[in-house]
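Construct the entire structure; sequences and hints are all you get.
As a plain string of letters, each chain reads:
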Amino acid sequence: MHEYSLVEALITRVEAEARRRGALKVHGLSVRLGELAGVDAGLFQTAYDTFRAGTICAEVPLTLTQVAASWSCPTCRAAIPRGAPLRCDACAGPARLDEGGDALTLDGIDLEIP
Amino acid sequence: MCTTCGCGDTELVPVELHEKILAGNDRAAKHNREHFLEAGVLALNLMGSPGAGKTAVLEATARAAAAKGWRLGAVSADLATDNDAVRLVKAGIPSHAITTGQACHLDADLVHRSLHGIAWQKTDVFFIENVGNLVCPAIYDLGQAANVVVLSVTEGEDKPLKYPTMFLAADLVIVSKCDLVPHLDFDMAKLDDALARVMPTPRVLKVSARTGQGMDQWVAWLEQQRLKHGLVGKVAGLAAHVHPPKA
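Heads up: the sequence lines are chains A and B, in that order.
So in this note's numbering, spot 53 of the first sequence is number 67, and the numbers just go up one at a time.
So in this note's numbering, spot 45 of the second sequence is number 54, and the numbers just go up one at a time.
Be aware that a few hints might be false.
Claimed, not checked - Beta-carbon label-pair distances, calculated as ranges:
#, chain 1, residue 1, chain 2, residue 2, range
1, B, L236, A, A55, 38 to 46 Å
2, B, E47, A, A30, 24 to 32 Å
3, A, R33, B, K199, 49 to 57 Å
4, B, A71, A, D121, 45 to 53 Å
Calculated from the structure, these hints are not laboratory results.
Each residue gets a CB set at the ideal place from its N, CA and C atoms; glycine is no exception.
Printed below as a string of structure tokens:
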């Protein structure tokens with residue numbers, strides 16, 4: 015259940031950013047989760063709902079954007095079919111994970127600034 | 010404040026960050042990595058299921074690498090007990106137990122604090138034996154030079170397909186307990202196929218800690234890693250254990 019430690023890191027970061035900008039309130043935050051980030055979206059949401067009580071995020075909705083993992087050849091750009099071996103049939107080279115497939119990022123925060 | 014008309018109303022400002030949630034851990038891991046490399050130490054993060062044979066592989070490593078004259082060291086993490094660290098000490102590997110309580114993984118700060126309990130600077134190869142778990146440890150950088158995942162043949166050929174993030178993070182997969190293959194309904198070709206579907210460039214060693222099968226290749230891989238990271242012939246020594254203020 016590392017989702018709990020991730021949420022703790024997330025809220026700590028939001029608090030620091032709000033403090034740094036002198037924000038009065040946080041109105042929203044958005045997080046991107048790649049399929050290969052090693053994080054379960056449902057558990058992440060549950061952990062957020064559990065931990066946000068008593069923090070600056072107590073009434074802040076979390077927007078989770080999930081990104082499916084996809085692979086392609088870095089040479090010819092051919093897409094690797096889902097579930098197939100991670101090599102390009104044409105170039106015989108290793109495939110590369112497309113951007114976002116392993117994302118575990120805090121994309122943005124909506125802050126109320128005086 | 011509203012700067013359009015000067016009415017004094019607050020403003021809702023969208024702040025774009027696009028920052029890794031584990032950025033704080035990554036900073037601590039960078040600090041650990043700098044320490045290891047400056048001291049000439051090859052640090053490896055050893056991961057795998059409970060019972061995969063991580064400790065047994067390290068015990069066998071002490072035997073197989075004896076001729077190299079390397080000084081080995083380890084920290085060994087479990088939720089409870091120091092059993093693995095005790096086993097490693099008996100095998101000749103100075104070790105320190107990290108008892109994580111309910112934590113299912115190591116993070117870079119935990120590793121850093123544990124280093125204060127062991128003379129890691131006086132080692133050539135230092136193993137961080139992670140908590141037995143194929144999920145959580147995969148996403149935490151500890152400051153290691155490489156990730157090694159131990160997978161035993163008793164776990165089944167499709168384990169990589171079930172836990173792709175762990176195997177994607179692996180620089181090397183050690184297939185352990187290979188001496189048991191004749192007694193099992195286990196197809197090594199199926200395992201190789203599964204690994205090829207989750208790792209673009211699978212690097213796999215098949216070993217038995219009990220018989221010593223594959224241990225020479227494992228020691229050779231360790232030597233390659235020491236070369237790759239510029240650690241062969243490096244004079245180990247750390248001028249000062251400096252901790253910069255946290256960002």
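Legend entry - Verdict for B:A71, A:D121 (Cβ pair) under range 45 to 53 Å: At roughly 47 Å between Cβ atoms, A:D121 and B:A71 fall inside 45 to 53 Å, so the hint holds.
Inset, instruction - For the range 24 to 32 Å, tell me whether the beta carbons of B:E47 and A:A30 fit it or not. - result: holds, 29 Å
Inset, instruction - State, for the Cβ atoms of A:R33 and B:K199, whether the hinted interval 49 to 57 Å holds or is violated. - result: holds, 53 Å
Legend entry - Status of the given 38 to 46 Å range, CB of A:A55 versus CB of B:L236: Check passed, 41 Å falls within 38 to 46 Å.
Going down the numbered hints, you'll see the structure goes against none, and every one checks out.
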